[in-house]
Structure formats: C-alpha cells, structure tokens
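Participant: Please model the entire structure based on the sequences and the hints provided.
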Amino acid sequence: MSHPMVEVRDLRVTFRSEEGPIYAVDGVDLDLAPGETLALLGESGCGKSVTMKSLMRLHPAHKTRIEGSIRIAGEDVLAMNAGALSRLRGKTVAMVFQEPMLAFDPVFTIGEQICEAVRRHEGCSGADARARALEMLERVQIPSARKRLDAYPHEMSGGMRQRAMIALALSCQPKVLLADEPTTALDATVQIQVLLLLKELQREMGMSMIFVTHDVGVAIEVADRTAVMYAGRVIEQGPIDSVMRAPWHPYTQGLLAATVHPGMDRRQALNAIPGSPPQLTRRIPECAFAPRCTLASASCHDPLPPARMDGDRLLRCIQPASAR
Amino acid sequence: MNTPTPSAPLLQVLDLKKHFPAGRDFFGRPRQWVRAVEGVSFDVHRGRTLGIVGESGCGKSTTARLLMHLIEPDEGRIRIRGQAFGHGVGRHPLTALRKHMQMVFQDSYASLNPRLTIEDSIAFGPQIHGVAANAARALARDLLDRVGLKPDVFIRRYPHELSGGQRQRVNIARALAIRPEIVILDEAVSALDKSVQAQVLNLLAELKREFDLTYLFISHDLNVVQYVSDEVMVMYLGQVVESGPVAELYSRPLHPYTRALLESVPAQTPGERRQHAVLEGDPPNPIAPPAGCRFHPRCPHAEPVCAQQVPALRRVTGQQVAACHRLQPDSGYSRVITFEELPA
Ligand SMILES: Nc1ncnc2c1ncn2[C@@H]1O[C@H](COP(=O)(O)OP(=O)(O)OP(=O)(O)O)[C@@H](O)[C@H]1O
Ligand SMILES: Nc1ncnc2c1ncn2[C@@H]1O[C@H](COP(=O)(O)OP(=O)(O)OP(=O)(O)O)[C@@H](O)[C@H]1O
Ligand code: SF4
Ligand code: SF4
Ligand SMILES: [Mg+2]
Ligand SMILES: [Mg+2]
Numbered sequence: 075m076s077h078p079m080v081e082v083r084d085l086r087v088t089f090r091s092e093e094g095p096i097y098a099v100d101g102v103d104l105d106l107a108p109g110e111t112l113a114l115l116g117e118s119g120c121g122k123s124v125t126m127k128s129l130m131r132l133h134p135a136h137k138t139r140i141e142g143s144i145r146i147a148g149e150d151v152l153a154m155n156a157g158a159l160s161r162l163r164g165k166t167v168a169m170v171f172q173e174p175m176l177a178f179d180p181v182f183t184i185g186e187q188i189c190e191a192v193r194r195h196e197g198c199s200g201a202d203a204r205a206r207a208l209e210m211l212e213r214v215q216i217p218s219a220r221k222r223l224d225a226y227p228h229e230m231s232g233g234m235r236q237r238a239m240i241a242l243a244l245s246c247q248p249k250v251l252l253a254d255e256p257t258t259a260l261d262a263t264v265q266i267q268v269l270l271l272l273k274e275l276q277r278e279m280g281m282s283m284i285f286v287t288h289d290v291g292v293a294i295e296v297a298d299r300t301a302v303m304y305a306g307r308v309i310e311q312g313p314i315d316s317v318m319r320a321p322w323h324p325y326t327q328g329l330l331a332a333t334v335h336p337g338m339d340r341r342q343a344l345n346a347i348p349g350s351p352p353q354l355t356r357r358i359p360e361c362a363f364a365p366r367c368t369l370a371s372a373s374c375h376d377p378l379p380p381a382r383m384d385g386d387r388l389l390r391c392i393q394p395a396s397a398r
Numbered sequence: 086m087n088t089p090t091p092s093a094p095l096l097q098v099l100d101l102k103k104h105f106p107a108g109r110d111f112f113g114r115p116r117q118w119v120r121a122v123e124g125v126s127f128d129v130h131r132g133r134t135l136g137i138v139g140e141s142g143c144g145k146s147t148t149a150r151l152l153m154h155l156i157e158p159d160e161g162r163i164r165i166r167g168q169a170f171g172h173g174v175g176r177h178p179l180t181a182l183r184k185h186m187q188m189v190f191q192d193s194y195a196s197l198n199p200r201l202t203i204e205d206s207i208a209f210g211p212q213i214h215g216v217a218a219n220a221a222r223a224l225a226r227d228l229l230d231r232v233g234l235k236p237d238v239f240i241r242r243y244p245h246e247l248s249g250g251q252r253q254r255v256n257i258a259r260a261l262a263i264r265p266e267i268v269i270l271d272e273a274v275s276a277l278d279k280s281v282q283a284q285v286l287n288l289l290a291e292l293k294r295e296f297d298l299t300y301l302f303i304s305h306d307l308n309v310v311q312y313v314s315d316e317v318m319v320m321y322l323g324q325v326v327e328s329g330p331v332a333e334l335y336s337r338p339l340h341p342y343t344r345a346l347l348e349s350v351p352a353q354t355p356g357e358r359r360q361h362a363v364l365e366g367d368p369p370n371p372i373a374p375p376a377g378c379r380f381h382p383r384c385p386h387a388e389p390v391c392a393q394q395v396p397a398l399r400r401v402t403g404q405q406v407a408a409c410h411r412l413q414p415d416s417g418y419s420r421v422i423t424f425e426e427l428p429a
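Residue numbers (this note's numbering), protein chains in the order written: chain Y, 75 to 398; chain L, 86 to 429.
Calculated from the structure, these hints are not laboratory results.
Source: prediction; values computed, not measured.
Note that the Cβ used here is the ideal one computed from N, Cα and C, for glycine as well.
One thing to keep in mind: the hints can contain errors.
[Stated by the list, open to error] Derived CB-CB ranges, DEER-like:
| no. | chain 1 | residue 1 | chain 2 | residue 2 | range |
| --- | --- | --- | --- | --- | --- |
| 1 | Y | Pro348 | L | Glu365 | 40 to 48 angstroms |
| 2 | Y | Lys165 | L | Leu201 | 49 to 57 angstroms |
| 3 | Y | Ser118 | L | Pro382 | 33 to 41 angstroms |
| 4 | L | Arg242 | Y | Lys165 | 45 to 53 angstroms |
| 5 | L | Arg116 | Y | Cys198 | 42 to 50 angstroms |
| 6 | L | Ala392 | Y | Arg161 | 50 to 58 angstroms |
| 7 | Y | Arg220 | L | Leu427 | 50 to 58 angstroms |
| 8 | L | Arg200 | Y | Ala259 | 29 to 37 angstroms |
| 9 | L | Trp118 | Y | Glu278 | 37 to 45 angstroms |
[Claimed, not checked] Some chain Y residues flagged as far from chain L (calculated, every beta-carbon gap over 10 angstroms):
| no. | residue |
| --- | --- |
| 10 | Gly94 |
| 11 | Arg145 |
| 12 | Glu186 |
| 13 | Ala201 |
| 14 | Glu212 |
| 15 | Arg319 |
| 16 | Ser371 |
| 17 | His375 |
| 18 | Gln393 |
| 19 | Pro394 |
Facilitator: Next comes the structure, spelled out in structure tokens:
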C-alpha cells in the first residue's frame with residue numbers, strides 16, 4: 075500500500091452522559107489509501123457515525139474523550155489547533171450525511187452556501203465562487219443547475235438535495251470524503267443514481283472515500299475494501315470481494331448469512347444470529363460478540379487481543395483465520 | 086410455489102381512492118389535492134402473502150391505512166369473505182373489520198403506548214373485543230412466549246426497556262392477540278438490523294403457518310419482498326402498475342417501472358456492479374401527477390400516446406397484469422411487443 079491517506083490506530087471514543095459513560099468506539103483501526111473507497115459496514119449503534127465524526131473532530135469537546143491516533147494526509151488530527159482544524163474541515167476532509175438538512179442552513183440558498191464554502195477555503199472572489207458553485211451543481215447532474223443556485227434546500231426533492239449536498243462537500247476538492255449513509259433515505263432508483271455519481275466524481279477528482287452503510291449490497295457497489303464494525307470495534311477488514319466471498323469473523327459470517335439475497339429458497343428459514351448487540355454503557359474488554367457466537371470458547375471471555383493482519387486482511391477474533 | 090388459488094378471495098379491494106388536501110386558501114378550502122391513492126384494486130387469497138412495493142410516497146401506507154379504515158376512503162370498497170366493511174348502509178362496523186385484519190407498523194416505538202406495560206399493551210385489544218381481563222392476560226403471556234420473549238422477563242417491562250427487535254415482536258404479538266386472519270405488515274422489519282430482521286422474518290413465517298395467516302407485506306426491500314411473497318403488486322404514484330406471482334414478476338417484469346426498480350437493487354457480488362442507473366430523475370410530485378401514463382416522463386419507451394391515454398391494468402400473460410400501452414395491442418402504441426419478445 076502506498077502512503078496512507080487516513081490511518082486510524084486504536085481509536086477510542088467515550089461520551090459522558092447522565093447515565094454514566096458510553097463506550098461508543100473501543101478500538102478502531104482503519105487504513106485508507108489515496109483514491110481508495112472503504113465501506114464501513116455495521117449495524118445500528120456499532121459506532122460508524124461516531125468514528126466518522128472523530129476523523130473531523132466534530133464531537134463536543136467537553137463531554138467526549140478521544141484516545142488513540144488519527145492521521146490524515148500525514149497530519150496528526152488529534153493534535154491540531156483550531157486553525158489547523160478549520161483547514162482540515164472542508165478543505166482536506168468533507169462529509170455528507172443521510173439527512174442533507176444537517177449540511178444546509180435552511181435560510182440561505184444552495185448557491186450562497188456553496189459560494190461561502192469556496193470563499194472561506196480558497197479565498198477567491200464572489201464571481202469565481204459563483205462560477206465554481208454552478209460548475210459543481212452541473213457536475214452532480216442537477217437539472218437546470220443555474221436556476222437551482224437560487225433555490226432554498228427545502229425547495230428540492232430528496233434526491234436533488236442529496237446531490238446538492240455532495241456538490242457542497244466537493245466544492246473545495248477535498249482529499250477525503252466521508253459519506254455517512256448518504257443514500258439510505260433515498261428510493262432504490264435514486265439511490266443507484268447517487269452511488270454511481272459518487273463513484274464517478276471520486277474517480278475524476280482522485281479522492282479517497284469512506285462510505286458508511288449497513289447495507290451489504292451498497293457496500294459491494296461502491297467499495298474497494300470494507301471494514302466491518304461490531305459494538306465499537308472493527309472486527310474484520312479487507313478487500314471487499316475477498317471478505318464477501320469468504321468472511322472470517324463469525325459476526326461477518328452471521329451477518330451475510332442473515333441477509334436476504336435474491337433467489338433464496340423461500341421454504342428455508344433464514345440463518346438468524348440469536349440475540350442482539352450489547353449496550354455500550356459498560357466497557358467490554360472481551361469479545362463483544364461472544365454471547366451470540368457459535369464458536370465461542372472459554373478463552374473468548376478473556377480480554378480480546380489486538381487485531382491481527384493476515385495478508386491483506388485484518389481479523390479481530392481469538393481463533394486464527396486458518397481455523398475457518 | 087404457484088399452487089392454484091381457491092376461487093373466492095379472502096380480501097377484495099375495489100377501486101380505493103384517497104386524495105389529501107394540500108394547503109388551504111383564505112376560506113379554508115383545500116388549494117390542491119395529493120392524489121395519494123387513485124383507484125387501487127386487488128384480491129388476496131387465504132394463506133397467501135401479497136408483497137407491495139414502490140417508491141416513497143407512491144401510496145403503500147395510505148392503501149394499508151384505508152384497508153384498516155384508520156382513514157376514510159373517498160371511494161372504494163373492501164370485502165372480507167364477501168362481506169362489505171366500513172361506513173354506510175349495509176356495511177359491517179369497524180370493530181368487526183379489525184377483528185379480521187390487524188396491522189404492524191415500521192416504527193415499533195411510536196405504536197406502543199409508553200405508559201402501558203408490555204402485558205397491558207397486548208391484553209388491551211382482546212379486552213376491547215370482549216375477552217375477560219384474566220383470560221386476556223393469559224393470552225398475552227402465551228403470545229409473548231410465542232414471539233420468543235420470555236413472559237417472566239418481559240411482562241412487566243415498558244416499551245423503552247426493550248430493543249427495537251424486541252419491541253417489534255411485541256407489536257406482532259399485539260396484532261395477533263385479536264386472532265386476525267389478515268395481518269398488514271407496513272415496513273415491519275425495515276428498521277431492524279439485518280441480524281435481528283432475520284429473526285423476525287423467521288418468526289413471521291412460523292406464525293403464518295401456525296395461525297393460517299394471510300399477509301400484506303409492504304417493504305422497500307425488494308430482496309425481502311421476493312423472499313416472503315407469493316404475489317407482488319407494484320405501485321407508482323398512487324396506482325397499481327403491475328402485479329403477478331413473485332417468480333414470474335421478478336424473472337420477467339412487464340412494466341418498464343418494475344424493470345427499472347428491480348435493476349436498481351444493489352449488486353450481490355463485485356462482479357455484478359451496476360454500470361449505469363436505469364432511471365433518471367426523481368419520482369414526480371403526486372399533487373400534479375403527469376397526464377396519461379404517470380410514468381411517461383421517466384419511461385425509456387414513452388410515445389405520444391403515453392402522455393394522452395391512461396393505460397388500463399390488463400392481463401398480459403398467465404396471472405401477470407400490467408398497465409402499459411406497449412403491451413396492449415389496441416392501445417395506439419406504435420411498436421407493441423408481446424410477452425415473448427420481452428427480455429427476461
Ligand atoms: N454525542 C453522543 N453522546 C452519547 N452517546 C452517543 C453520542 N453519539 C453517539 N452515541 C452513542 O454511541 C453509539 C454509537 O453511535 P453511532 O451513531 O456511531 O452508531 P452508528 O453505527 O452510526 O449507527 P446507525 O447505523 O444507527 O447510524 C450509540 O450507542 C450511540 O447511542
Ligand atoms: N395525512 C396525510 N395528509 C396529506 N398527505 C398525505 C397524508 N398521508 C400521506 N400523504 C401523502 O400521500 C402520498 C402517499 O403517501 P404514503 O405514506 O401512502 O406513501 P408510501 O408509499 O407509504 O411511502 P413510504 O415508502 O415513504 O412509506 C404522499 O405524497 C404523502 O405525502
Ligand atoms: S473471539 Fe471468540 S466469541 Fe469472539 S468472534 Fe472469535 S470465536 Fe467468537
Ligand atoms: S404506457 Fe408508455 S410511458 Fe407508460 S410505461 Fe408503458 S411505454 Fe412507458
Ligand atoms: Mg450512524
Ligand atoms: Mg409508507
């Protein structure tokens with residue numbers, strides 16, 4: 075692998091809450107090469123969004139503890155001061171969300187908001203910024219883009235708003251795009267349009283991308299590699315085709331077996347994973363999947379050792395990959 | 086599994102219509118109407134599962150709510166075993182309707198009363214229908230056990246003390262407590278994680294066998310619909326555009342919209358990645374739906390006739406029906422094709 079664009083080591087994020095600490099992320103390792111797409115895959119509450127927000131340091135500082143290391147384009151994100159952070163956000167790393175209204179201010183037009191971002195990061199004139207905004211709306215294939223510059227976010231359909239948010243995020247040509255379920259709320263026919271658009275823009279601009287999803291099919295559509303999370307940890311990571319063809323971790327195996335895919339025999343019951351993911355209000359030193367794991371043995375209740383690399387794949391399970 | 090269906094359908098839906106007012110003028114009169122459901126008809130036979138698919142806002146939930154009479158239809162009729170239900174002369178009352186038909190919603194939290202224990206939530210419905218309190222409680226315990234929640238552990242809990250999957254099991258138990266014949270599942274497993282969704286789908290299949298249930302299964306997950314359904318109905322902007330047996334409809338969709346929908350499902354392996362999107366643009370606004378065939382602005386096969394004439398829902402082959410001029414010889418479409426000419 076060439077010099078990594080993003081390198082996360084043993085990331086831990088703990089929130090203070092009224093009910094006590096929440097161990098939302100508890101040992102995440104991630105690698106992202108230039109131009110590469112990584113799908114961050116996992117079920118609700120496993121820490122995908124918390125991980126993404128950590129990369130941009132978007133958590134409220136007073137109630138969040140972040141440990142471990144995050145390097146983006148060679149820089150230490152956790153050591154950055156306010157000035158460096160504001161250069162990082164938008165210019166080096168940009169983010170798109172499931173809900174585009176999070177990215178837009180409802181009282182300004184789409185054009186004003188893209189112009190403002192471009193001016194802030196590139197210091198160019200108003201006219202140049204407007205030209206860039208128009209170019210971006212055209213690039214994300216928004217019909218009658220010139221007219222849409224003066225539209226307010228609520229005047230657009232869901233799919234159009236999603237495109238506009240992508241235009242905003244990409245307007246300063248970030249090196250890394252963090253996409254947090256940007257297509258989950260879209261209809262199937264619109265989702266595939268937006269996925270293909272993102273891939274095309276990524277190729278053109280040479281960006282790296284981390285794409286958060288809980289949908290295995292979506293991960294397959296966009297990703298070169300995947301990292302699978304469970305209860306705040308990355309438990310498996312590797313090239314998407316090899317992980318999908320031969321998952322190693324019992325959770326990844328269970329997840330794929332439980333997912334309905336086309337042409338399945340309807341008379342056969344699905345292979346459900348019993349139980350449900352744990353609460354994160356307690357620190358879980360052992361493997362958090364143990365209560366649901368069919369391979370669990372006594373030593374699975376000891377503290378979980380760090381992840382192991384095996385070729386181009388990473389595994390976080392006490393059983394060696396060769397046991398599968 | 087295409088066993089011949091018995092002749093009389095359990096549920097008959099005839100020409101349902103519902104327009105919602107959108108915005109009001111100075112005098113409080115509706116300025117515009119959302120044509121949410123526009124002449125929907127279908128039959129469901131006993132013991133079958135009808136899957137209902139279509140993009141957001143196409144009227145799936147409105148159809149379900151009309152069937153349950155949670156909202157009043159503007160027009161249309163519902164018959165169960167030939168009996169008409171709803172308001173009006175000679176119709177059976179709504180409590181009787183809800184004894185036959187129950188519904189489970191997507192949002193497991195919003196559909197449970199936060200101040201009732203799980204036991205009281207489940208026992209509530211049977212009591213309304215005249216079951217004695219003690220018997221209703223016993224029934225609640227039975228059903229909890231049946232949906233895989235240990236009664237002793239869960240009976241005194243409140244909704245916020247359950248996970249999403251557990252709450253959805255409670256909702257299913259609650260729907261079954263009245264012993265309905267028909268259960269409408271409106272995105273009932275959509276909010277659940279895949280590992281938990283599989284548990285609930287298995288449970289639904291078991292309960293269906295055990296209680297001889299008939300399901301209406303509404304979902305945007307086309308893979309899940311294929312797995313659970315016997316028949317599938319495709320809606321677009323308030324209308325049915327195609328329906329038929331699941332295997333036929335998935336292997337050879339008739340309507341261009343059905344085809345586009347199925348071709349938008351994400352790939353299963355990296356080798357099958359989609360190269361281009363089949364459809365451009367978003368679904369149009371239901372306030373002013375396009376004239377003629379409502380799909381014509383997005384349809385790759387549209388001809389002038391499509392913008393003028395509304396295509397009727399007609400049988401094309403076997404039990405597959407579709408509303409498309411291109412498949413109807415007398416429609417005025419210039420290059421009508423036969424079923425055999427359609428690519429699989
Ligand atoms: N600001 C916060 N304060 C306290 N707890 C939080 C905060 N943000 C997230 N959490 C908790 O951290 C855990 C991980 O949340 P996260 O949003 O990362 O999940 P996710 O994997 O993105 O799930 P989803 O697929 O539902 O979006 C959850 O238990 C969540 O409740
Ligand atoms: N009570 C209401 N008042 C006004 N408009 C409504 C009301 N309920 C639904 N609508 C509108 O009717 C149309 C059909 O909505 P419906 O909820 O039936 O769609 P759906 O197919 O269930 O969509 P989804 O997949 O998003 O659940 C939409 O345009 C919706 O905005
Ligand atoms: S560490 Fe043990 S419990 Fe955890 S996944 Fe591996 S075998 Fe299962
Ligand atoms: S009627 Fe015309 S526009 Fe409508 S689906 Fe058929 S070919 Fe397309
Ligand atoms: Mg999230
Ligand atoms: Mg709905």
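Participant: Next step is simple, just say for each hint if it's right about the structure.
Facilitator: Verification of the hints:
no., hint, verdict
1, Pro348(Y) with Glu365(L): 40 to 48 angstroms, "44 angstroms, holds"
2, Lys165(Y) with Leu201(L): 49 to 57 angstroms, "52 angstroms, holds"
3, Ser118(Y) with Pro382(L): 33 to 41 angstroms, "36 angstroms, holds"
4, Arg242(L) with Lys165(Y): 45 to 53 angstroms, "49 angstroms, holds"
5, Arg116(L) with Cys198(Y): 42 to 50 angstroms, "44 angstroms, holds"
6, Ala392(L) with Arg161(Y): 50 to 58 angstroms, "52 angstroms, holds"
7, Arg220(Y) with Leu427(L): 50 to 58 angstroms, "40 angstroms, violated"
8, Arg200(L) with Ala259(Y): 29 to 37 angstroms, "31 angstroms, holds"
9, Trp118(L) with Glu278(Y): 37 to 45 angstroms, "44 angstroms, holds"
10, Gly94, "17 angstroms, holds"
11, Arg145, "28 angstroms, holds"
12, Glu186, "23 angstroms, holds"
13, Ala201, "31 angstroms, holds"
14, Glu212, "15 angstroms, holds"
15, Arg319, "8 angstroms, violated"
16, Ser371, "21 angstroms, holds"
17, His375, "21 angstroms, holds"
18, Gln393, "20 angstroms, holds"
19, Pro394, "24 angstroms, holds"
This entry does not satisfy hints 7 and 15, going by the numbered hints stated previously.
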